[in-house]
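Here is what each chain is made of, one letter per residue.
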Amino acid sequence: MIKLIEKIEGEAKLNFNFKDNKIDFVDIEFMSTRNIENILKGKSAFDALVINPRVCGICGHAHLIATVEALESCYDNLQISNKAKSLRELTLNFELIQNHFKWFYLTMMPLFGHKQEVLKATYPSQLMGKAIALFGGQYPHTSYAVVGGVVCDITEMDIIKLQHYIEQTVKFVEDNLIKMESESFSTCKSVDNILKYEGDLPDILRQIKKEELLAYGKSYGRFISFGENSYFKKGKSLKTRVNNNIFIEHAKESETATSFAKNVSYKDKYYEVGPLARAMVNKNKLILDAHRKYGDSIFSRILARVSEISQLLKHSKKLIQKLDLNEPSYIEPCIDIKQFSSSGYSAVEAARGTLIHKVELENGFIKNYEIITPTQWNLSGGTREKQGVSQKAMIGLYDIKMAELVFKTFDVCSVCTTH
Amino acid sequence: MKMRVLWLSAIACNGNTHSFLNYPYIEQFLNDFEFIYHQVIDSAYSLEDIVLNQIPCDILLIEGAISREFQRADVSVIEIIESYSKIVQKIVTVGTCATFGGIFRESDYENTSGLHFNQEKSLGNFQDILDKTVSLSGCPVHPEVLVNTLYAIKKSVNLKLDNFLRPKEFYAYTVHNGCTRNEYFEYKVDNHKFGELEGCMYYDHGCQAPYTHASCNKILWNEVNSKTRAGLPCMGCTEPKFPKQNLFETKKNMGIPEYLPVGVGKRTYLTLAGITKAFNIQRLQKKLFDD
Ligand code: SF4
Ligand code: SF4
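Chain order of the listed sequences is A and B.
Going by our numbering, the first sequence opens with residue 13, and the numbers climb by one from there.
Going by our numbering, the second sequence opens with residue 10, and the numbers climb by one from there.
Next comes chain A alone, as it looks inside the complex (with noise of 0.2 Å):
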């Protein structure tokens, strides 16, 4: 039986298979692809800043910092300062944030029989909005981190400013999403603790436990995460052992027959990357408790993107209190890039996890260019035999609306799959 499910930035095809009233198999496919890989094609390298926040509307800024990183890494000796690093980091983070509040309440809160509340999500984001654009000069589609830094330059004005937005959007937290302090939500380590609170977030995880959901959404509990920064780590996680040693030349890309999203894979397995991942490797007291008892199921990854919320908030707070005004926001590399034929890669984590760009350059012109969004590594399309990390999350469950819940908590965004 095929469902067409929307509402996901574009839409996507499940054919759900059953056995014995259970789905047995899911085939995923989405119908279109936009292959700004071949946009990218005979491009002036610098022009990649302008188009890849373009791949998609959403997670837009996590492209641009992909894509900086990837033309960065072509030189040898090229120098950052601290306060570009810092700003980089800070706005990734606020898109990050951003993106978590319109997944939680645009998405997610109505599939479990919630009222939309649109105001709920655009409110915070919007402050998040704001905060990059402080820098960034606008959000969606700024490209303001340019090879060498950011093309702004801070004053302590600036800081006031955004230090107003990240406390509104802290109170909004605690006010809406879980009524308890912000700080002490980022550093909790109890799942059980978190349900004893009143908010958004614990009613739909006391809803989960209500409804018996608790099972819902396991699938291999093989988590990958390659973005490495002042928070978070790099390394893959098999349930709690985790191993820093990974390297990017093992995760793949293939073609499959039946959709236009190619499939992600690390060493011929299928991990899963995103908030829940990220938790897992950075070993996150709270999320490991909930993975304890509850697996990766939905309750943990639901979990794991609500509180990345507060973690990266105070974590934010900390690099601007490091800031150092000082520091150039934007050091001249020394060698033109219109000389330049090389090639290199980088690895973020946007929203949705994982986010890989590789580039090859000629005489400073774009040869090749190659994008491995999130979404492809959660959303892959395996096979019977070999399913992908969402095709098993949905595997013996018995209602397609409730297999739609699971795909969902992967948050996935179709443009991006598809770039």
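Simulated from the structure, these hints should not be mistaken for lab results.
Heads up, a few of these hints could be off.
[Said to hold, decoys possible] Derived DSSO-like pairs: lysine-lysine, alpha-carbon spacing no greater than 30 Å straight-line:
(1) 164(B) x 53(A)
(2) 230(A) x 127(A)
(3) 334(A) x 230(A)
(4) 260(B) x 202(B)
(5) 164(B) x 370(A)
(6) 132(A) x 164(B)
(7) 202(B) x 334(A)
These numbers come from a predicted model, not from an experiment.
Based on these hints, arrange chain B with the ligands on the given structure of chain A.
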């Protein structure tokens, strides 16, 4: 009465969708308008309902570039547009892709373009709906430009449009108008470096603001800033030719920028540049916050 709006996405990145979600008074908007379909906002109809039927509706919004090959829910977007354009009062192209083809004009679909334009070229199809269309270019479109235009339609305001069907209210300005770096431009102080508050990016870094029609420096983005104020050249994203190539560089012929500010001839430019250079204003040679 709420006006009924269909938000149709074609070959797009959904940047306009998310730009729209940044509209600060969205609550007010949703009191006055109802989406019969939207990518992320809940609606009474599913995409399948929309493409298989002709649900009554007042305004058709199109986001993304258009090609007959591209489908939504297995129906060609062109067919969906043909069906709905007949019954709506107005059609609004939201974003540069839907207006001129934009970035996704170059995607792999056959004959991809905007609704009425392929870059600057007018297209012959959809002539019958030409007088119903309003173009809102921009990559993405500014949320206020979109929302206020929809209110103008609701109020039956007689919108004055330019040659590309863009409301002059927003597109008669150039992005240059209102940039905090204007003095550097006026006095031709071309010492801009990335990462600084000083300097105009027109002379070396490809700023297209003096010949790009949009209100970015008038309305400001996210209510706080603009690309050029931040220090990023205007990429000309509201114009038919977006994206041009070598966006961070100013293309010049014998030292003169190839693209001059709207309405300025080469000779006038040279004369003006000669005069303004003679001013040699010390203040503009220094850092803004110098003691
Ligand atoms: S006009 Fe820009 S923002 Fe809009 S769909 Fe096209 S690329 Fe995306
Ligand atoms: S930077 Fe661009 S917008 Fe600003 S003054 Fe110069 S040309 Fe105008």
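Hint check:
{"no.": "1", "hint": "164(B) x 53(A)", "in the structure": "violated, 46 Å"}
{"no.": "2", "hint": "230(A) x 127(A)", "in the structure": "holds, 27 Å"}
{"no.": "3", "hint": "334(A) x 230(A)", "in the structure": "violated, 40 Å"}
{"no.": "4", "hint": "260(B) x 202(B)", "in the structure": "holds, 17 Å"}
{"no.": "5", "hint": "164(B) x 370(A)", "in the structure": "violated, 50 Å"}
{"no.": "6", "hint": "132(A) x 164(B)", "in the structure": "holds, 29 Å"}
{"no.": "7", "hint": "202(B) x 334(A)", "in the structure": "holds, 25 Å"}
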